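Novice: Place chain B on chain A using the hints.
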Amino acid sequence: MSLKPLSPQDWESLIDDFQHGGSRRHKWSSTPSLLDLALSSILKKDFPLKIQLIIFLEEFSDSFLDFDEHFLERLVDTLKIIIQSPTDNLFITMSLKDQMLVSTTSIFISTIHQFNIIIVESLVEFLLILINRPNHGPDRQTRGVACECLRELERSHPCLLSHIAGHLWSLCQNERTHVTQSYMLLFTWVIHNIVVHNVNVSILNTSVPLVPFNVPQSLLLSDGCSSTSNGSNNYNYKELRRAMAFLLESPQVLTACGMVEFMAVIIPIAVALELQASMLKVQFFGMVYSYDPMLCHVVLKLYLSFFDAFDGQEGEIARRLMLISKEAQSFLVFRLLALHWLLGLNQSVLSSKGDKKKKKPMAFDSMGLSFYPNVFDPLALKALKLDLLALCMESLKSKSDSEVGNSVEKVFEDGIVSVSAYKWLPPRSTETAVAFRAFHKFLIGGSSHFDTDPSTTTTIMESTIFHSLQGMLLDMMLECQKLVPVIVAFVDRLLGCQKHCWLGERLLQTFDENLLPKVVMDYKLASCFPLFDRIAENDTIPPSRLLELLIKFMVFLVEKHGPDTGLKSWSKGSKVLGVCRTMLMHHHSSRLFLRLSRLLAFTCLYFPDLEVRDNARIYLRMLICVPGKKLRDMLNLGDQLLGISPSPLSNSIFNIQSPRTSHNIKKSRNISSYVHLDRVEPLLVKQSWSLSLSTLGVDSNKPGYLEGIRDSESPVEEREIDGSAEIHIPETETISQPQEPLRVMDSKISEILGTLRSYFSSIPDYRHMQGIKVRISCTLRFESEPFNREWGVDSPASGLDRVDALPAIYATVLNFSSSAPYGSLPSYHIPFLLGEPPKNDYDSHQQVPLDIVLVENGNVEEEIVRAPVMIELEPREPTPGLIDVSIVTNTENGHIIRARLHSIPIGIEDMFLMATVPSDIPKEVIPGYYSDLFSALWEACGSSSNTGRETFPLKGGKGVAAISGTQSVKLLEVPSTSLIQATERYLAPFVVSVIGEPLVNLVKDGGIIRDIIWKDVASDSSLVDTTSVASLDRGPLHLTYFDDEDERDSVVSTSKRNMGCFLILIFLPPRFHLLFQMEVCDVSTLVRIRTDHWPCLAYIDDYLEALFLA
Amino acid sequence: MSGSGGGCSIRAIWILNSIDAVVFSRRFPVVEKRWRTACRSENEKVTENSLSYSVFSLFPSDSELAAAFVERKQREGSARGFGIRVSQSSVGSDSWVDDPITRHIIGLYINKEEEGDNNLLWPLILHIKDESLSSLLLDLPSITGAFMVAHAIGDIVAGDAVEPEVLVSASPSVGGLLDSLTGSIGISGISSRAKPVAAPVASSIPSSTAVTGAVAVDAPKIGSRPLDKDALRTFISSSMPFGTPLDLSYSNISAIKVNGFSSSDLPPADLKQPAWKPYLYKGKQRMLFTIHETVHAAMYDRDEIPDNISVSGQINCRAELEGLPDVSFPLTGLNAAHVEVLSFHPCAQVSERGVDKQAVMFSPPLGNFILLRYQASCGHGPPIKGFYQLSMVSEDKGAFLFKLCLMEGYKSPLTMEFCTVSMPFPRRRVVSFDGTPSIGTVSTTEHSVEWKIVSSGRGLSGKSIEATFPGTVNFAPWQTQRLPSSRSFLGSIADEDSDVETENSNNMVNMEEFIMEKLINDLPPVDLEEPFCWQAYNYAKVSFKIAGASLSGMSVDPKSVSIYPAVKASVEFSTQVTSGDYILWNTLSKCPSAAAEKV
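For the protein sequence lines, the chains are A and B, in the order given.
Residue numbering for the first sequence follows UniProt numbering, starting at 1 and increasing by one per position.
Residue numbering for the second sequence follows UniProt numbering, starting at 1 and increasing by one per position.
Looking at chain B on its own, in the form it has when it is part of the complex:
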């Protein structure tokens, strides 16, 4: 079946809401027919080989699917599942496969009332042929495609189908659970849930949100607005009329739907108009480039663990150019910026990468688009250096000290627009704090202490400053937190070894360790999408925004941008650097780390 299975077809799409009811479904009978034909031939093959596998070819109704989904949720602990094999995993369940991808590719057991037996909706048949999940995935563009579809639809459902902004960062996409069951010829259903991962440009979500939200991750909310079924229906019909995706660009599809075409929309005289550019631009010609960078840092201030700073960046672009011109410019200084990864928009023609530079040529689509993405190290050195120490003097009182240096070695035009340091205490309630910083202002919220070093409007440019902040913070008495009931099975595990733990606490010599032990004992496990258990650590998170230049050293020289056929067009360039997870780990406590990478 691989002959026709090279493409990508979707068997059906379901959208479930947070109470596990199907709110939208769409089946593709053409794909379904191909699927059944394939099943029949595969089942025949199977009987020849006298293997006891058979493929479930029937199709579940909405109610059956919803029931199966609920059943799976119970089996797998949550809507996403465990992902890797844990003690609750049962044979045949997704987590038994023991691969994180099963949080994205799930199996459903459809219980057909008439037949009274369970039928697995998953590519069973390919397991026979293939040795492993990996080679299976490699063989199935359908899965990849299904994820693309799922993400596209997810954005529509959540109302987040936003083009990348050229000048300001896109709003973060939040919420929106999308469940689609996808498939193609040769594959049974594959369900994927597009969990809206924080969009790359929007990684400015403070990690404290991630901390408090850790438990609620599996309780996604559908956007506050009602599901726009008509928009969805139109999008699906246009983007994959027969279940085979053709174009997932929401902006193009909605533009065509709204505008249509008139006889005045003439095709280019000698060129074929690309499918991804249904309209041609008319008007004043110009080009805009914006570099967005997000800085992630893990600052340890320890001898044995080196600090870790990385920059993820992208060049967003808008080309308001008439016709179908090619644009090219060289990317230089790649080595100096330690640019590691370069990925391009499909419209770009990528040549071999040179030692230190790479030429980029592209035929720009309409509207804003991400021309390229990159990963780099920080060419300028960390914008905020220093340390954070927090020591628990008693169970409810901590003494802390910050000693920071901002923008050391940064020259104009680099400008720090604002800088805030926050100490999140997601599991403790801040009662009061004491202490004055050498610069800036301090405020508290229920679960954090915020220190504004540079407030917006008073940008810091061309000089470096030092900031210290000694103080103490008092918490409300510690209360053992009950685990949410959905995780009660974990609670029972905790009970079992409770007697061991109480003994531990008796001979705990160190006060800090004692408090630590107490705090971590009822920590719920985090989701696999988290890098580690945030709540187990003490840290300060820095948020800032820097304008003026990129931190990696990546830049586009407007003068070197050439357009063919040549036109007169202005080229504008801007940069914006924001902080991602910029973490100062408490020097006196535990911190997560990773071995340094060797390339």
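Chain A on its own, in the form it takes in the complex:
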């Protein structure tokens, strides 16, 4: 391997790269033998970068591959060559020599642990030779440096030089040039190590020659210096005291830095030798009056080591430190340090035990008031002085209780004067920061964060300062709203601290009690919102006061709203909602419910801004639907998603919560087994229809069947309406209207027609407007256990609050579809639904004796575990059918569930509606109207109807309806009582009239059927005949013979006890009717049925049987 020398430029960039670090350093790792190259470069006569290279070796030599023992040997050789070459002040300078000494020693010290310590001998010997020429003139600086090198070696290898301590002492005594400091420090260190490591050597003995130097045996054996562990002192006490006396003789020759080193070594010796501390004090205490901070610090170190010796001088030291802080000439950092020392002294004295405890605070409050900041003190200094004032105040407080209250407050106020500009400067000003920092310090006073004494907080709460500060902050907020955020930050700081969060809470409580009633109701109130937010967050504060205020503010906003306040209303309104949201997150809903729902409802209704209204609606909905903990979780989640901080934590949360559509078909298919949508009222004829409609085959047939029927009936309408253009429609009507008077009919028929005309004109035509709707009430619920199993929602198993442990689904959408002609089916939305608790759990729960809570809980559950669902149909034809249900919902852990649920059967009875009443009919004549309508329709649907060809315009005037009646009869062999019961239960709303005294008496007493026309038979004869009554009269006599010959027996038997007759009018959407005339006898009832929609008869049969015979 050839050693190609590097140019100075190469070395320069190498040094740069090493210092820069990282990859730039690595690129040199392949260059071989860099150390050899470096040493030869240093020896080269005209190499310009010698010092740099030496320093470089010092800093980095151990990071080279070829660093080994031999390098150290070569290094010492190089050192010797350089030191011994004559100084030419160009290439070989004194600085170079000094640097070479220092760096060589430094390399040895930092790497020698890798090798045998014996290797250091040659270096030490060389250094000893160098220093062994006291007072020699020209090389004095080099001798001093050599002393420093030896000192560092002694320091890193204690007792290395202890056996030649005698020589060192005499050198030290002889040296009189300015490097005597280095000799002294070297000797001091040697003494220090002898004392600390308890070595038995004589420091007067110079029998061991200085050179040749041998590493002491003890160092060779063990790694360190062998200190005997028997506890007794091996060292020669007397000799060492003499040495100490010598060392303490002339400390004034030391520089300030030298003094720091000196004292650091002297103090442990003095402690070990049990020297009289007062000696040290006399010698060194004067340094406290120096303006050199290092000397002051030395005195403090001395003081800390020898408390007792300084008895009575604490005050002097404290005073001095205080005065240093006043020295305008000093650098700021030293003035700050002085105050810190003072604080530190106070703490260390307080923390030291025993009787000393009393003295310090005494010294403290004698000068406490001189800590008032000066007007020209830098703010940093003001801040620290205020800290000290706060501390002084503590001692003031402990002094006496009577007149203190006043003076404490005074100290506080006077202290704050220096930063009082915070009251009017922008809140971000440094003055504000310093002032609030001071408030904090004053408030917490002496209670540090470290002591575990719980009573302190209480003491603070009762303190004067706490009360006056509370008052101050209150006034501040009322006068100067822009400080509110600062005050909030102040409270936050207290709240954020485990020890002082009570204080923060207490402050918030005070604000809640005293600020809220005083605030002025105007737009500026918005500046207080950060504070309201904190109050809202705190569940120790009842939310009522704040809510009342917010309601007032909302009212204010609504009242003040005008054309130019749009933006303001929006922003303030949003802020109010923000506070509401915070409340929702931190309080139990029950606490908030009343007022908050009022506030939100008011906002929904009256607030001028749409977005605010919308948000209020959302919150209101959530408040009502979602139970406490789930609600808080949801709101929290929103927070995290909104949070800007892209910390890895929130990232992962985001990932978990991002919506995941589940494509697990198996899972989705199972859903219908534990998510149930049920009818509230089960169908009477459920079974039969589930049989015929449950398979697709029938389903597909059915429409065809219905279609066929419609064809025959509906074309009339369709032709007339759809076929004609809009212009023709009025013509049709104008034509049909003049036709009427031309037609020959009797007055009765025309009366019927009139009734029907006015009636039909109130039926909406579904093709042009919203048709008549049928509403099916259902409930949605799901079972918790299977749900959790499937979707892996691990709700926290909190045994206490069971509701919180149940799973929930959010934002559920139910979509309906049907093959039956039900028009468009709107989907239904359920914001929140809780799973049903497992049955056994529920039971055990009920047994828990805490009734009040449970009842409340139970109610909440009932509301929440079953969601009411309303399916709205707009039938085109009154026919039973099936409604298919599909669900889309979200689980708590972000799954989206899409699945089909069981279908909902629709029966014919769902189609039963009350006939519409034209709007011009007064309420009190409605029963009569129904009765008339029944007669008219009965007549019109009769087989011999004269109205067969008539058409009746529907509402909206575009469509017309024709009546094409059919009739049928059904005999029900049921006792009258059960018939009446069933009628009352299922058909009561549709009964328009009851005829016949026995029946009337029975039904009227029941009270279920009301507001209809009652006709007893007695009055019947006196009446001018109506169709219905006539037929009633005739009924038993004639109809039995002609219409129902097969069932004559039964009819005959029933006819004997004819009780009366129900007249029932049922409207079938979109425009059809079903009329029953039920002739009630004791054991059977004959139902005469007429309808203008004959297909419905097919279902009616089943229905009646189910209704009455089942």
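Hints were generated in silico from the structure; no laboratory data involved.
Given the structure is predicted, the values throughout are model-derived calculations rather than measurements.
Using N, Cα and C, we set each Cβ at its ideal position, and we do this for glycine too.
Which bits of chain B does chain A cover? Going by a derived footprint, with three or more residues having C-beta under 8 Å, they are:
hint, stretch
1, 21-32
2, 244-252
3, 302-314
Specialist: For chain B alone, kept in the frame of chain A given last:
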């Protein structure tokens, strides 16, 4: 570790320039080794106590340090940091500690590429032992020492290593950002930045400079000259060869470097030559004393706030004496001068202070040195009395009135060499002014009006004068100032409550208050090194120079100076008084104040 930690050792020094690049670095492997040993033992101790702290023992390279520094700058808002806890402070940052000293002692998180985690370079371990920052600082001479080193190096970098002048004041030290990371055994790195605070003798910097410079404080410039790395290297090698400072006197070190020693430099025969005096003086013997005083005053002219005048003074000295003599003289009249603080040069032996006098004995070093410093009140009464009133007649026009009395009660030989009053308007542009003073001349600059009452060359001696100056000043229309982008985070705060503020302005009745409100609303926060937000106030600043005697009454009687061993040497004495912050607060407006101190 406290056994060996009593001293002061520096682990490394870094110097960064204004673009946050390391321009110089120096590591001390010996200290580093001690540090690692200490870390190891401390970490072992920690695992015993099952505490989850561990000490970061690895050492950052220059690039890592620079990166950490930049990161910290972003975290702390500026190179110095916030110093106290503000809304931007994050947990674990320096400002979270909530102590102004953290503007001087900072923490850096070194991000080691290989390890991929953050490592704090700060005395973490001592936090476990100590309850508070204060006791920590008390326990660490290293920090104090590091500041001394930092200041010394800072002066060298800035080229300001100037001895205190005996007759004229030293030039102010400006600029020069120094970042050094220091440490000793038992302490992790402590970085300190020697912000060259205006040197005490140089407090004649007009405060208007401080006002305009307030924003730029964190953009320090390295001196116009390139960094003299060789000088720095030599200084470091000589002053702290192994990282432990031995002597920080730049003059001594450079003298030794330049001159060396010859065999003719003989040590004194019977005395040890102090380490701080490597050479002994030879030649004509004499002693020079100069008292420099700087007067700070806050003049309110209000009943409820008393005026506040204080004098910071120092006695500079040069002793051209052969051998190693002791010099002593008594300081008298201390009580009359209300001398509060007395701090001495390390060479002085200080005896107990008497009631009214104190004997000073010292063994003078070579060259000029500050023998002692003091704080006093003004024995003569304020040299300039009176009031300044400024009232805004409209948004852009102010009417002002000065009524001053100079040198009232001052007798010869007190001479006022010059006196200038300036009204700074750092945030407004002066368009014109109108008015004539009863004495002196007036000139304007873009941001101030200067009134020369006594111009140099026509000193005022032995009599007092009255001066009045009524006038008006017109400003360019007010424009809302954009905050510098570095402070944009503050801007966002301002935006948030903007709607509140606009409302405020509507119901502002008082014109002055309205203008005031407008002016202060976009004031940037000042640094903690400032006494208050200068720009928020209206004031006039007086600059003057008085010769003849000190204002405090402090003096050195040349006849009472005694030298031992006795030699024949002349003793000369001079004084010079300059103004520091001598402020006349606008009587009609807000002013900063402080509660009167009670001793």
